[in-house]
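**Student:** Read off the chains here:
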Amino acid sequence: MKKIWVYAEEVQGEISKVTLELLSKAKELAKAFSHEVEIGAVLLTKGIGEMTETLEAYGAEVVYAGEDDRLEAYCHTTYAPVLARLIKKEDPDIFLFGATQIGSELAPTVAAIVKTGVAAHCVDLRIGDDGLLISEVPAFGGKIIGEILIPKCRPQMASIKPGTFIATESCVKCSVVKKIDLTGLEDADKRLIPLKTCVTKSEAKPIDEAEIVIAGGYGLCCSENWSRLQELAELLGGAAGSTRPCLDEGWADNEQTMIGTSGKSIRPKVYMGFGISGATHHICGMKDSGLVISINKDKNANIFGVSDYYAVSDVNEILPILIDLVRSSKATAAEKGEKECH
Amino acid sequence: MSLHIVVCIKPVPDPDHYDRVTIAPDTKRIVREGIPTVINAVDKCALEKALQLRAQYGGKVTVITMSLPSADTNLREALAMGADEGILLTDRAFAGADTLATSYTLAKAISQLGDADLVMLGAESADGATGQVPSQLGEWLKMPHLWNVFSIEDVEEKKYRIKTKYENGYKEWEGTLPLVLGVSRELAKPRHIGAMGIIKAKNKPITVLGKNDICGIEDEYIGLSGSPTQAGEIRTPEMGRSGHKLEGTTEEIGIQILEKIRAGGITI
Ligand SMILES: Cc1cc2nc3c(=O)[nH]c(=O)nc-3n(C[C@H](O)[C@H](O)[C@H](O)COP(=O)(O)OP(=O)(O)OC[C@H]3O[C@@H](n4cnc5c(N)ncnc54)[C@H](O)[C@@H]3O)c2cc1C
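Line order of the protein sequences matches chains A and B. Numbers in the numbering used here are just positions in the first sequence, counted from 1, shifted up by 60. Numbers in the numbering used here are just positions in the second sequence, counted from 1, shifted up by 1202.
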């Protein structure tokens, strides 16, 4: 039986969202085959807890679980050899990883041990007529999309950025949990030791979860305008996003706001860009947005070509006006609401 | 203590010009005409850190690249920045290598040096941007490796405290040399190259190695035939939109924008 596997990444005791996105995609890929296909999730952890149920809810039929205290903190020296041994034993056909910080390291490491290929940062996956996985990967900052095939080696591996696919729950029959053989864990390379993981909880809404993203670029010119942009985003119930120069300048201080090839891929209902030129690296991360509105003072800005609406305007002028307009519009709405109550 | 640090660099088409990259309609090949070739920017951050570590501990920095013979220019630039020696791996047999074959070839050449304590390179390249070479290089070299390193501090001889990026934060590690580190831009800001650097670089050695100069290299792992991944068709993604211009005074434009936002499904 063909096996399509997803690496189940754990984030603070829970299954990461990208894992569920990939399981949903795996189910879709499985439909291309006329025979039965196993959808497997591979989980390495200190304690399985309720994670199996989550994986099951998103379509995992088999959960390969490796549970051990030594797997508490991720380190490729412990994780990769376990996965490589499991691959050799079970011979999966396809193995998908989230292109997270961990996945981006773990997938190529495992591939180097089992001597197979990984299509990195895929934007789409499908099964070709011959049953091979066809992975679409971006190159040149997303200007070119190329197909990657892994004809001879197994598994065909791919890493996919969070947010590329949509996670959909699917009722499956109860999943089977298979314990992963962990012998050899004691021989792991001791030259690298994980000490700690620090995560800062940001108050701001994550850009990949917001319905409206207000993005700012180098054209904001100063941190005051970045604050204005954040204010506008907040008023609209959305999130503030940025290009790379905003981070480099220190206006935006959270890397999680960056949109693009090295940042996040987003698909909000509405994207607005202020003082953004429209470099391929950035466009690649926002092109799937519902409605795109951009503002730039240069009438020939590239971003206008990828916008539904644009205005040639100075951010220094338009940002305060938009803030006022939204404020007064909300005030009117609130007043109206009050009247209706009375 | 003295360190031998090997820095891998990759010549890439200048990413400032990627909007000019196209596909030729007839040959279906990527056209990057007129785009200059530069050292992958984040590789220079790796080199900068290597030079700083050399200043601290003494030792030697070797830069290595697997590329076309023209990469001699890029190696010369790295030498002008301060590296001591350059190695250019170039051979028709290396062509078409994916990350696994590239990292294998680099690893074989680095092993041949015999004494590398630390291997550093950018976490990813601007063109292919797979970010896979550092980890795979580590595996071939049988050295522990880390990806997206943004801070390196020494603890004691040959022992380092290293930070790597993590979603909404970072991870901290203790690593004992030898190590392979794929670094991020924040690690170090590359120095400017002075006239003295350029003059000195002229007399620094660059060794050119082909397949037959690398001990124990196996054909089955190099070049196109040693690459598990194969490239299929390429296309330029359709990203264009209708682009209606909003006109009027700034105030009028603002009002129109609000309407569009509402029409886009957002309640204000
Ligand atoms: C390997 C690599 C990866 C990268 N990854 C990313 C990524 O993930 N995300 C990303 O964003 N970038 C990324 N970049 C950088 C990217 O190539 C561009 O440099 C960047 O997106 C440009 O940001 P920008 O549009 O804010 O700045 P600029 O290109 O400098 O544009 C500023 C714009 O603001 C306009 N402007 C100036 N003043 C005003 C004003 N007062 N009012 C209105 N408009 C004004 C200007 O006309 C201009 O169009 C990457 C680069 C490399 C090499």
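Misleading hints may appear alongside valid ones.
What the hints assert, rightly or not - Straight-line Cα separation of at most 20 Å, EDC-like style, residue types lysine to aspartate or glutamate; simulated pairs:
1. A/K250 - B/E1440
2. A/K256 - B/E1440
3. A/K359 - B/E1355
4. A/K359 - B/E1453
5. A/K359 - B/E1454
6. A/K261 - B/E1420
7. A/K106 - B/E1453
8. A/K212 - B/E1454
9. A/K212 - B/E1422
10. A/K265 - B/E1369
11. B/K1391 - A/D308
12. A/K256 - B/E1435
13. B/K1391 - A/E315
14. B/K1462 - A/D348
15. A/K175 - B/E1420
16. A/K87 - A/D151
17. B/K1447 - A/D151
18. A/K357 - B/E1440
19. B/K1447 - A/E315
20. A/K329 - B/E1376
21. A/K250 - B/E1376
22. A/K396 - B/E1376
Stated by the list, open to error - According to the in silico footprint, chain A covers these stretches of chain B (three or more CB under 8 Å from chain A):
23. 1296 to 1308
24. 1359 to 1373
Think of the hints as simulated: they come from the structure by calculation, not from any bench. The beta carbon of each residue, even a glycine, is placed where N, CA and C say it ideally should be.
**Student:** Hint by hint, say whether it matches the structure.
**Tutor:** Against the structure, the hints come out as follows:
1. Proposed proximity of A/K250 and B/E1440 is contradicted: the alpha carbons are some 48 Å apart, above 20 Å.
2. The hinted pair formed by A/K256 and B/E1440 fails the criterion: a straight-line CA distance of about 43 Å is larger than 20 Å.
3. Distance check on the hinted pair: A/K359 and B/E1355 sit about 47 Å apart at the alpha-carbon level, beyond 20 Å; violated.
4. Annotation: proposed proximity of A/K359 to B/E1453 holds, straight-line Cα distance about 18 Å (limit 20 Å).
5. Between A/K359 and B/E1454 the alpha-carbon distance is near 18 Å, which keeps this suggested pair within the 20 Å criterion.
6. With a C-alpha separation of about 49 Å, the suggested pair A/K261 and B/E1420 falls outside the 20 Å cut-off, and the hint is violated.
7. In summary, the hint linking A/K106 to B/E1453 is not supported, as the alpha carbons are separated by about 58 Å, beyond the 20 Å threshold.
8. Taken as a hint, the A/K212 and B/E1454 pair is broken in the structure, with Cα atoms around 60 Å apart against an allowance of 20 Å.
9. Annotation: proposed proximity of A/K212 to B/E1422 holds, straight-line Cα distance about 13 Å (limit 20 Å).
10. In summary, the hint linking A/K265 to B/E1369 is supported, as the alpha carbons are separated by about 15 Å, within the 20 Å threshold.
11. Straight-line distance between C-alpha atoms of B/K1391 and A/D308 comes to about 12 Å, which keeps the hinted pair within the 20 Å bound.
12. This hinted pair does not check out: A/K256 and B/E1435 have alpha carbons roughly 43 Å apart, beyond 20 Å.
13. Under the criterion of a C-alpha separation no larger than 20 Å, the hint pairing B/K1391 with A/E315 is consistent with the structure, at around 18 Å.
14. At most 20 Å may separate the alpha-carbon atoms for a hinted pair to count; B/K1462 and A/D348 meet this at roughly 17 Å.
15. Pair hint A/K175 plus B/E1420 holds up; C-alpha atoms about 14 Å apart against a cutoff of 20 Å.
16. Simply put, A/K87 and A/D151 have alpha-carbon atoms about 18 Å apart, close enough for the 20 Å limit, and the pair holds.
17. Under the criterion of a C-alpha separation no larger than 20 Å, the hint pairing B/K1447 with A/D151 is inconsistent with the structure, at around 55 Å.
18. The hinted pair formed by A/K357 and B/E1440 fails the criterion: a straight-line CA distance of about 25 Å is larger than 20 Å.
19. For the given pair, B/K1447 sits about 32 Å from A/E315 by alpha-carbon distance, which is inconsistent with the 20 Å threshold.
20. For a cut-off of 20 Å, the pair hint linking A/K329 to B/E1376 is broken: about 43 Å separates their Cα positions.
21. For the given pair, A/K250 sits about 10 Å from B/E1376 by alpha-carbon distance, which is consistent with the 20 Å threshold.
22. About 61 Å separates the Cα atoms of A/K396 and B/E1376, which puts this hinted pair outside 20 Å; it is violated.
23. Chain A is given as covering the segment 1296 to 1308 of chain B, and this holds because 4 residues of the stretch bring a CB closer than 8 Å to a CB of that chain, at least three being needed.
24. With 9 residues having a beta carbon nearer than 8 Å to a beta carbon of chain A, the segment 1359 to 1373 of chain B meets the requirement of three or more and the stated coverage holds.
Checked against the numbered hints above, the structure breaks hints 1, 2, 3, 6, 7, 8, 12, 17, 18, 19, 20 and 22 and satisfies the rest.
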